[in-house]
Amino acid sequence: MRALRCASKLLFLLAGLMACKDIPRDNPLDPKNPESVREQTVLAEAFVNTNSVLADSVLYNQNMLTALYRLQSKYGSRMVLSVHHRNLSGYQDSLAIFESEDLYQRYIQGTNDAVKGVPDVFINGLAARIQGASTSENAEYRVDTALQSFLIENGFFTIEPTITLSNGVLRCNTTFARLGSSVAKDILLKMFVLQDMDTQWARRAVRGISRSNLIQNIQPGERKNIQFDAVSGLSNQPIRVIIAVVSEDEYTVYQVKEVRL
Amino acid sequence: MKRFICCFMIVLIVVLGCGCDVEDLLKRDNSSDPPNVGNILTSAAGFVVQPLDTVNFWIEADDPTGGSLTYQWRINAGEIIGSSSTNELRWRAPIKGGNYTLSVDVSNKAETVTRSEVVKVPSVTEPKVEILAPLNMAFLVQHTNVIVKATARHENNIQEVQMWLDEQYLPLTPELDGDIYLFDWKIQANPGAHVLVIKAIAQLTGVVGSDSVTLYIEGIVAGKN
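Protein sequences appear in the order of chains A and B. Quick note on numbering: the first sequence equals residues 24 to 284 in our numbering. Quick note on numbering: the second sequence equals residues 31 to 255 in our numbering.
Simulated from the structure, these hints should not be mistaken for laboratory data. These numbers were taken from a predicted model, which means no experiment stands behind them. Cβ coordinates follow ideal geometry from the N, Cα and C atoms, glycine included. Be a bit skeptical, because a hint or two may be false.
[Stated by the list, open to error] Residues from chain A shown here face chain B by an in silico Cβ test under 7 Å; the list is partial:
{"no.": "1", "residue": "83"}
{"no.": "2", "residue": "112"}
{"no.": "3", "residue": "152"}
{"no.": "4", "residue": "154"}
Could you build the full structure based on these sequences and the hints that come with them?
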């Protein structure tokens, strides 16, 4: 009798194990599912100059920032906004950093016959560019129109950063996975550290940019882990970290995630 | 010298012995020559004829073979009054303006020679202008270059196409690509809404037609290029 009970338990266990093997990987959030996707988030990178003397004569930068802040409220986590401050001849911007200027020059190189000038907004790298802002309404309309085409797309990466901040030193360890069914080649991860500074028009100011090494390929369902260099010298202002999966030339942004500390 | 005179005498004797006239030997056979035909002439200055006006055209020609010539006139509008097969044509212009091609074939037994002229009937309708780019309500960025594209058509052809911004003439010379006029415009205007106008001036009449679009020029602070 006991042997029979034991045998039936074994049979149940065996049946259970066989059934487990047959469970289809149809969870859309499961990276191993070839159909898996994430909601596409869009990276808007604004290059501005908020010098107060300049602001007394023209409000283009302020108009654009007003529009972007409004859109950021409208789309929440689906729109990730970073604000790069640039120096202009005669108009220094106290928040300008070398890495931002370097990125701007890289983007200008990637566009044809581009005129440099602020405000200048790039959506998902060079996928869309909105330059100039006569009014905040016009700027909002133009950026919003550009965002629409990206917001309906699916994202094929998932990004999970783990960030610690201790004694003004920020450390970021990011796990990311390839979704869908195709291999991604020649990509890298980029980290932006943002702070909401206490001067006017200084929200989401980029304070540092770090890049991973080139990732030559990542298979569908594969996870990789990236440890960024520590960032120090941050002030006590609120910190945000943006992690973006980008192409090697950084002209294409595939997915982006923001974490607020 | 003696030898040369001797040769000449031999040739002369041979020629005279043949019974040929020297004149006949030098005369060319012109039986296959085409007619000699001048240009089409008219009393209408510059071949411009007002709508419904009647005008004469004629042509001067002769036949080098000494034969007679035939004429055949053709024109793709208006009304031919009387014969179209003499050296003169009487023609009434149509009411619709345009540039019409008048041709005449002058033939002898050997060949036909054709002469043509464009007869211009002034049209008082305005040139049709259409701005293809930028689109109405487009946003443009200050200090950048844009190509303004427009078509302009008129029955008497276009004399000039001009670009205006807010009633101010912009001295730009367009390039012509097919029937599209292309203006390479560097935007120096102040930010804000502007009205861009393309004006076309018709040949002959100087009648002006236009199209316009409203544009928003978005300001930037250029620098550190």
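Right, here's what the structure says about each hint:
1. 83: Holds, because the Cβ-Cβ distance from residue 83 of chain A to chain B comes to roughly 5 Å (cut-off 7 Å).
2. 112: holds, 5 Å
3. 152: It is violated, given that the least Cβ distance between residue 152 of chain A and chain B is near 9 Å, above 7 Å.
4. 154: holds, 5 Å
In the structure shown, a violation is registered for the earlier hint numbered 3 alone.
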